[in-house]
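Here are the chains, one letter per residue:
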Amino acid sequence: MAGIHLEGIEKSFGRVKALKGVSLEVAEGELVVLLGPSGCGKTTLLRIVAGLEWPDKGRVFLGKREVTFLPPRSRGLAMVFQNYAVFPHLTVFENIAFGLRMRRLPETVIREKVRWAAELLRIEELLSRYPAQLSGGQRQRVAVARALAVEPQVLLMDEPLSNLDAILRLDLRAELKSLVKALGMTTLYVTHDQVEAMGLADRIAVMREGEIVQFAPPLDVYRRPAHTFVAGFVGHPPMNLLRVSPEDARVHLALDLPVSKEVIVGIRPEDLEPAPKGDPGAFSARVRVVEPLGSHQLVTLEALGTTLKAIWPPEPSLDPGEEVWARVHAERMRLFDPATGRAL
Amino acid sequence: MRLSRFLNYLLAFLFALWVVLPIYLLAVLALSERSAVFAYPKPLYPQPLSVETLWRFLEVPGVVKALGNSVLVAGLTMLLSLLLGAPAGYALARYRFRGADFFRILVIFTRAFPLAILAVPLAVHFIRMGLYDTPLGVALVHTALALPFAVLVTYSLFVSIPKELEEAAWTLGCTKTQAFFRVVLPLTLPGLAAVGIFAFIISWNEVFAATILTLRERTLTALLLNLLHDSPLPFRFAGGFFLVLPALLLIFLVRRRLLTLWGVASR
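Protein chains in written order, with my numbering: chain A, 1 to 344; chain B, 1001 to 1267.
Hints listed in this document are in silico derivations from the structure and should not be mistaken for laboratory results.
Some hints here could point you the wrong way.
To be verified - 25 Å max Cα-Cα, derived DSS-like pairs, lysine-lysine:
{"no.": "1", "chain 1": "B", "residue 1": "K1176", "chain 2": "B", "residue 2": "K1163"}
{"no.": "2", "chain 1": "A", "residue 1": "K17", "chain 2": "B", "residue 2": "K1065"}
{"no.": "3", "chain 1": "A", "residue 1": "K113", "chain 2": "A", "residue 2": "K57"}
{"no.": "4", "chain 1": "A", "residue 1": "K181", "chain 2": "A", "residue 2": "K64"}
{"no.": "5", "chain 1": "A", "residue 1": "K64", "chain 2": "A", "residue 2": "K20"}
{"no.": "6", "chain 1": "B", "residue 1": "K1176", "chain 2": "A", "residue 2": "K57"}
The structure displayed is predicted, hence computed values, not measured ones.
Given the sequences, and given the hints that come with them, work out the whole structure.
This is how it looks when you write it as structure tokens:
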């Protein structure tokens, strides 16, 4: 097992700067998720760690070893791809054995390790089948088993679940997490799905336009987004962002701003609580849309000159057009600089 | 609905007849006694079955040698087309390089110059280089004819193999060469075989270059072209039969493999 250490990675494709000096530290046995919208450079970064691309600048270390320009085969890692990339002309057994055969291990050892990996992924009974006879979920299990069988120093996963249907994805996600944690595998995992990132990661690196905007544990990313981009990208529905002047903040939100200019206030929908009418620190709002979702209701409010989303208990039920009161605890608010988008 | 189905089958049947009938007649008369050629009406099946016609054909001086030359030239063409065409197809499929699109068009352009125009300068050059009247010389020209096809078809074969399969192989310990031979080649083998066989058939059927560029080392087509006018009917039938046979057999052989490529079905 080894950690990953990235130092000032830059990469351009033609005129497009895909990565603008990214540094990242993944501790031994840690599961780090690279999260971001498509085109943010997360997959490029993963491929540079894998050795499938070479950086224009910067250095890649696995453990103490610099591997920046080593070919993938000499890095001691394994990778799981979005489209599974299981070899269609080989049986499941031979797929899992592929990396072991490349190391010329004796047949008995190969059998033992294939069986071990197959048991971990619960695909023992599929060993003699060909990939064409498997479902998508089973193929991805084969791909993960194939990666684990070589006992890599580092496991790389490129959106491994996004080709699966929703229920399967949930199952496999939980299973992957427990597996990777049980093995203590250093893992770098790429996804654009923030729920997946929240669920899996020890730490999330949120990326935008070739840069890491925030690198923190999931709940920190959720509660204390470092940038309006993170606030808007993580969470479903995303954080409410409203521009307020110091005066508005004091009057409507019972909030004393640390600066004497306009700021952006970020409020999570579940932190926007219903309040009794006229409660000090509360503000009035008009209900626009009510979406009852069973465990809670998603309410779209119009207040403070903008639209806000609130997650409220299912009772009492609300009607569009109704006037309600809401408030937010000051410590639950997040302040951002309107000019840079960074947290204050 | 039923009627259109019936018409489809009828049409397909007529097309098949159009192709099969002449070949069938050729085969029947080649496999009959020599006298059957002159019989009227023609027999619908060889009666009695006889290899006399074929045997006499092979006894004509030069025929066996020409047959051997044809096999040699076609074999060389197959080999060269694959050895030169497949790497070019692979490069087009896997690498973005300056002028890739232009190169693809250029490949097709090689077919834009009629062989008739190239023949004389080619013959002159071949004489200088000592390639004239050799199977290798003919095979080189045939390779030039087969290459555009080989490059473009192998290109589409390689493009259809996801790059991730190779990348997965690299991360699992393969060099690029190993990944090609362990992953890409097995998956494209049926297609590559088809390309090779097609090159073989292009060469086997080619007559113009073979005639211009050979004198004593004739291929079968070149020899037949020379002899056809002055030879008896049974000879012509036997000759025709030999020309058609390999194409038929080979296509029949790869037909199943072409359709049941495991890779294509399982992605």
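Tested hints:
{"no.": "1", "hint": "K1176/B to K1163/B", "result": "holds (12 Å)"}
{"no.": "2", "hint": "K17/A to K1065/B", "result": "violated (64 Å)"}
{"no.": "3", "hint": "K113/A to K57/A", "result": "violated (38 Å)"}
{"no.": "4", "hint": "K181/A to K64/A", "result": "holds (22 Å)"}
{"no.": "5", "hint": "K64/A to K20/A", "result": "holds (24 Å)"}
{"no.": "6", "hint": "K1176/B to K57/A", "result": "holds (24 Å)"}
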